[in-house]
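Participant: Taken in order, these protein sequences are the chains called A and B. The first sequence begins at 10 in our numbering and counts up by one. The second sequence begins at 10 in our numbering and counts up by one.
There may be inaccurate statements among the hints.
It does not matter which identical chain is meant; a pair holds if it fits inside one copy or across any two.
What the hints assert, rightly or not - Capping the alpha-carbon separation at 20 Å, the derived lysine to any residue pairs in SDA-like fashion look like this:
| id | residue 1 | residue 2 |
| --- | --- | --- |
| 1 | K206 | G51 |
| 2 | K72 | P187 |
| 3 | K49 | R22 |
| 4 | K206 | H78 |
| 5 | K49 | F113 |
| 6 | K206 | I52 |
| 7 | K191 | S153 |
| 8 | K49 | A166 |
| 9 | K72 | I86 |
| 10 | K59 | V139 |
| 11 | K180 | D154 |
| 12 | K191 | D44 |
Since the hints were derived computationally from the structure, they do not count as laboratory data. Fair warning: this is a prediction, and the values are worked out from it, not measured in the lab.
Okay, here's what each chain looks like letter by letter:
There are 2 protein chains.
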Amino acid sequence: MAKPNIPDIVVSRLPLYLQTLNHLLREGEEVVSSDELSEKVGIPAVQIRKDLSFFGGFGVKGKGYDIIHLIDNLRSILNLNQIWPMVIVGVGNLGQALIRYQGFARQGFEIVLALDINPNIIGTEIAGIVVQDVETMDTALRSSDIRIALLTVPANAAQSTADALVAHGIKAILNYAPIILKLPEGVRVANIDPVLKLEHLTYYLS
Amino acid sequence: MAKPNIPDIVVSRLPLYLQTLNHLLREGEEVVSSDELSEKVGIPAVQIRKDLSFFGGFGVKGKGYDIIHLIDNLRSILNLNQIWPMVIVGVGNLGQALIRYQGFARQGFEIVLALDINPNIIGTEIAGIVVQDVETMDTALRSSDIRIALLTVPANAAQSTADALVAHGIKAILNYAPIILKLPEGVRVANIDPVLKLEHLTYYLS
Numbered sequence: 010m011a012k013p014n015i016p017d018i019v020v021s022r023l024p025l026y027l028q029t030l031n032h033l034l035r036e037g038e039e040v041v042s043s044d045e046l047s048e049k050v051g052i053p054a055v056q057i058r059k060d061l062s063f064f065g066g067f068g069v070k071g072k073g074y075d076i077i078h079l080i081d082n083l084r085s086i087l088n089l090n091q092i093w094p095m096v097i098v099g100v101g102n103l104g105q106a107l108i109r110y111q112g113f114a115r116q117g118f119e120i121v122l123a124l125d126i127n128p129n130i131i132g133t134e135i136a137g138i139v140v141q142d143v144e145t146m147d148t149a150l151r152s153s154d155i156r157i158a159l160l161t162v163p164a165n166a167a168q169s170t171a172d173a174l175v176a177h178g179i180k181a182i183l184n185y186a187p188i189i190l191k192l193p194e195g196v197r198v199a200n201i202d203p204v205l206k207l208e209h210l211t212y213y214l215s
Numbered sequence: 010m011a012k013p014n015i016p017d018i019v020v021s022r023l024p025l026y027l028q029t030l031n032h033l034l035r036e037g038e039e040v041v042s043s044d045e046l047s048e049k050v051g052i053p054a055v056q057i058r059k060d061l062s063f064f065g066g067f068g069v070k071g072k073g074y075d076i077i078h079l080i081d082n083l084r085s086i087l088n089l090n091q092i093w094p095m096v097i098v099g100v101g102n103l104g105q106a107l108i109r110y111q112g113f114a115r116q117g118f119e120i121v122l123a124l125d126i127n128p129n130i131i132g133t134e135i136a137g138i139v140v141q142d143v144e145t146m147d148t149a150l151r152s153s154d155i156r157i158a159l160l161t162v163p164a165n166a167a168q169s170t171a172d173a174l175v176a177h178g179i180k181a182i183l184n185y186a187p188i189i190l191k192l193p194e195g196v197r198v199a200n201i202d203p204v205l206k207l208e209h210l211t212y213y214l215s
């Protein structure tokens with residue numbers, strides 16, 4: 010599917026719609042109105058209809074959305090009709106938890122390579138993955154089709170590690186370190202920082 | 010400080026500004042212009058100035074922002090001049106990693122209570138916290154001033170656990186389960202779901 014120039018904020022909501030549609034499908038639903046979807050996902054119906062209209066709409070007036078059809082389209086738009094192999098760099102407590110997390114594989118994301126700098130961790134096996142020396146990144150990534158990295162190193166190592174990953178062909182980084190990475194054009198970063206989320210919540214707790 | 014009615018999207022960016030200002034302070038900076046801050050944080054300078062103007066501005070034209078002064082103000086606005094005790098429910102791989110994560114305490118968030126349903130986990134000690142039976146939630150929360158919960162239970166237990174937390178006085182939930190929680194007015198939820206972030210990234214990988 011050729012992609013029009015869609016605002017990133019619209020793209021960011023599509024995975025949320027997809028998650029909710031998958032949930033409805035598992036509950037045996039076949040059709041959903043934008044009002045019902047709105048109620049489930051917590052986003053106004055008019056926003057949902059507008060977001061989906063960027064890609065052609067998919068709904069039938071007065072009937073709603075065919076769930077399977079919309080799931081198929083969203084999966085295609087988000088490039089989810091394939092398995093995405095991933096590398097994780099930093100196999101501390103969080104890294105180990107992520108390697109063991111089964112939610113990635115269920116959605117087509119598979120950690121196939123784990124790298125660390127710590128000699129006590131290198132060579133250990135976690136959920137079937139043997140942790141490699143981060144020094145082998147060059148060889149390991151060159152012979153792979155990995156384009157996504159999970160970055161779970163300490164904050165002071167995050168930028169240099171991200172630079173190395175990008176130098177070896179990584180195009181998207183899910184960054185768990187509490188810093189803002191500076192990366193070249195064409196490399197996408199998403200950040201997961203629970204402290205920032207908590208500080209947003211405490212604004213409302215007075 | 011009395012709070013005007015600020016759009017939530019503005020509030021969501023304040024922790025990011027605070028993080029970057031703390032970083033600049035550690036590097037020895039004393040003043041920062043909105044252009045420099047913009048470059049660091051990846052948000053347009055005009056947006057930063059507009060966001061801060063909701064709270065009175067803080068900047069001096071042609072000089073920029075006094076970093077310590079702005080940090081003090083943001084911390085006050087976000088209610089960060091106190092320690093926030095937190096409960097975590099669900100002490101699996103991720104829960105354990107979060108209990109061990111030192112980034113919370115550094116920013117004034119402290120996990121003081123850990124609850125789980127698994128008899129093999131109840132009674133174990135992780136980073137100084139002895140895991141309690143989730144059945145004791147009532148007693149444990151009633152005698153505490155905990156208002157924030159980290160929710161790291163499996164998806165199928167997340168809604169009922171969240172309902173129980175709210176019934177026992179929790180006002181803010183950081184939800185790691187890959188579902189959308191339905192909670193009463195006045196309870197705030199933030200979600201952390203790495204799969205949604207990855208699906209956003211893959212849109213750009215064709």
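Participant: Confirm or reject each hint.
Facilitator: Here is what the structure says about each hint:
For the homomeric pair K206 and G51, the shortest alpha-carbon distances inside one copy (18 Å) and between copies (18 Å) are both at most 20 Å. For a Cα distance limit of 20 Å, the shortest separation of K72 from P187 qualifies neither inside one copy, at 45 Å, nor across copies, at 28 Å. In the homo-oligomer, the alpha carbons of K49 and R22 lie at most 20 Å apart inside one protomer (13 Å), although the nearest pairing across protomers, at 25 Å, exceeds that limit. Taking the shortest Cα distances, K206 and H78 never come within 20 Å of each other, neither inside one copy (34 Å) nor across copies (23 Å).
Within a single copy, K49 and F113 get their C-alpha atoms no closer than 23 Å, and across copies no closer than 31 Å, so neither meets the 20 Å cut-off. In this assembly of identical chains, K206 and I52 lie within 20 Å of each other by CA distance both inside one copy and across copies; the values are 19 Å within and 18 Å between. Taking the closest pair of Cα atoms, K191 and S153 never come within 20 Å of each other, the shortest separation being 25 Å inside a single copy and 42 Å across copies. Within a single copy, K49 and A166 get their C-alpha atoms only as close as 40 Å, which misses the 20 Å cut-off; across copies the closest is 17 Å, which meets it.
Taking the shortest alpha-carbon separations for K72 and I86, neither the intra-copy value of 23 Å nor the inter-copy value of 46 Å comes in at or below 20 Å. Taking the closest pair of Cα atoms, K59 and V139 never come within 20 Å of each other, the shortest separation being 46 Å inside a single copy and 49 Å across copies. Only within a single protomer do K180 and D154 lie at most 20 Å apart by alpha-carbon distance; the minimum there is 11 Å, versus 44 Å between protomers. Taking the shortest alpha-carbon separations for K191 and D44, only the inter-copy value of 16 Å comes in at or below 20 Å, while the best intra-copy value is 40 Å.
Of the numbered hints listed earlier, those contradicted by the structure are 2, 4, 5, 7, 9 and 10.
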